[in-house]
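For the sequence shown, position 57 matches number 57 in UniProt numbering, and the numbering has no gaps at all.
It is worth saying that the hints were derived from the structure and are not from the lab.
Fair warning: this is a prediction, and the values are worked out from it, not measured in the lab.
Glycine included, each C-beta is placed from N, C-alpha and C at the ideal position.
Please note that the accuracy of each hint is not assured.
Derived pair list, reagent style DSS-like, types lysine-lysine, alpha-carbon separation capped at 27 Å [what the hints assert, rightly or not]:
# : residue 1 : residue 2
1 : K3        : K50
2 : K21       : K92
3 : K50       : K450
What follows is a list of derived Cβ distance ranges for each label pair [claimed, not checked]:
#  : residue 1 : residue 2 : range
4  : R91       : P252      : 48 to 56 Å
5  : T191      : L37       : 38 to 46 Å
6  : T280      : T255      : 37 to 45 Å
7  : N82       : P371      : 28 to 36 Å
8  : R91       : T191      : 45 to 53 Å
9  : P140      : P371      : 20 to 28 Å
10 : Q20       : H422      : 44 to 52 Å
11 : L37       : Y259      : 43 to 51 Å
12 : T280      : I147      : 44 to 52 Å
13 : P252      : P353      : 32 to 40 Å
14 : L408      : L354      : 45 to 53 Å
15 : N387      : S144      : 41 to 49 Å
16 : L445      : M418      : 50 to 58 Å
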Amino acid sequence: MLKIIIPTIMLIPTALLTPQKLLWTSTITHSMMIATLSLQWLTPTYYPHKNLSQWAGIDQTSSPLLVLSCWLLPLMILASQNHLQQEPPSRKRTFITTMIMVQPFIILAFSATELTMFYIAFEATLIPTLILITRWGNQPERLSAGIYLMFYTLISSLPLLVTILHLHTQMGTLHLPTLTLFHPHMPTHWTSLFSSLALLTAFMVKAPLYGLHLWLPKAHVEAPIAGSMLLAALLLKLGGYGIMRVTILTGPLSTLTHYPFLTLALWGALMTSSICLRQTDLKALIAYSSVSHMGLVVAATTIQTHWSFSGAMILMISHGLTSSMLFCLANTNYERTHSRTLLLTRGLQPILPLMGIWWLLANLTNMALPPTTNLMAELTIMTALFNWSYITLILTGMATFLTAAYTLSMLLMTQRGMTPTHLTSIQNSTTREHLLMALHIIPLLLLILKPELIS
């Protein structure tokens, strides 16, 4: 554990002290070395925990998410290189430092074996993202977006803290490997119901359940590109991971808690997909699509079967890479045309033909076309849900149909059609952007060859 965390923390003095000329190269190479070093966590073992220390251990459920979070730091630094070109060097350094500060907290949250530690890290990731959104967003509405983000997460996670302390007084320990040996005994029915509700709602807000998702499109639209990538790829996964961890403690949920969460998740997948069809703003469209994908993850984690857990895991990883790539593509459009409106950025394929390939690939993975891991994940989740109740098939089927509809409409709007006259003089796409897209899509296409790494 420490051989990843200590280099990550040492990235901060690296970003603050390197000379201006070597700033981007040194931070990117350093973080890429950390990312390649973190690949060793994926080695399968027979032990329940690898690298187990007193406060952190790596599980089969947390290792893919940890590798994903290490992998995305260089990509975030690489993506935000262009829009910081005009800034003075001190601001570049503070921006990179803010991005790096999220990283140890996320690693701690994914690998903590103790619930209070997990809670502290879970809340601490809020601060740097808030700084990113409210300082480097590109519109004055970013302040309201930051307020939304902060109050949604804080109000939902106060009951979580209370319940964690209550559990500590009841069980005497919060160490997760020890807690799995206990039978979850709550004295009466109502206390168990309330505690499981309080434990779940914090993570439901973080992995936005439909109805509690209003902060997400706001935050995504106002955030800079690194902030959007961070939100879409990692902070949403914190919610799903927290549900996976906590439902083991609460035991099998009562049907009273099953039904509202499940119906909200599936209905929300349907609703957000249909919102996407009427969306004019490119980043808001991608944000709503990630709400509908995470709705499937929430629905899978509430029914707690082996199939649904592995499906949710694969969907979280592949959605992290896919939506992050879509945000990067939207950002390349935004940097060239300075508008996120779909009607104004039509017909870009004749101008930027190579970007057309990346758009096609990203949209097909988002649509869950075979042979991508997205398809495998959605199929496992759907079979698990269908096995649990037959009616869910209608909702999930409609949701996938609408997903295909809005991804294709997004592809056709941005790439095909007549090019508007104000777009005739655009800079070419750079090697940096192609490298960024390739580093997103190559792991996705390689994971289907060995999907047991992430299930």
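Out of the numbered hints, which ones does the structure contradict? 9, 10, 12, 13, 14 and 16
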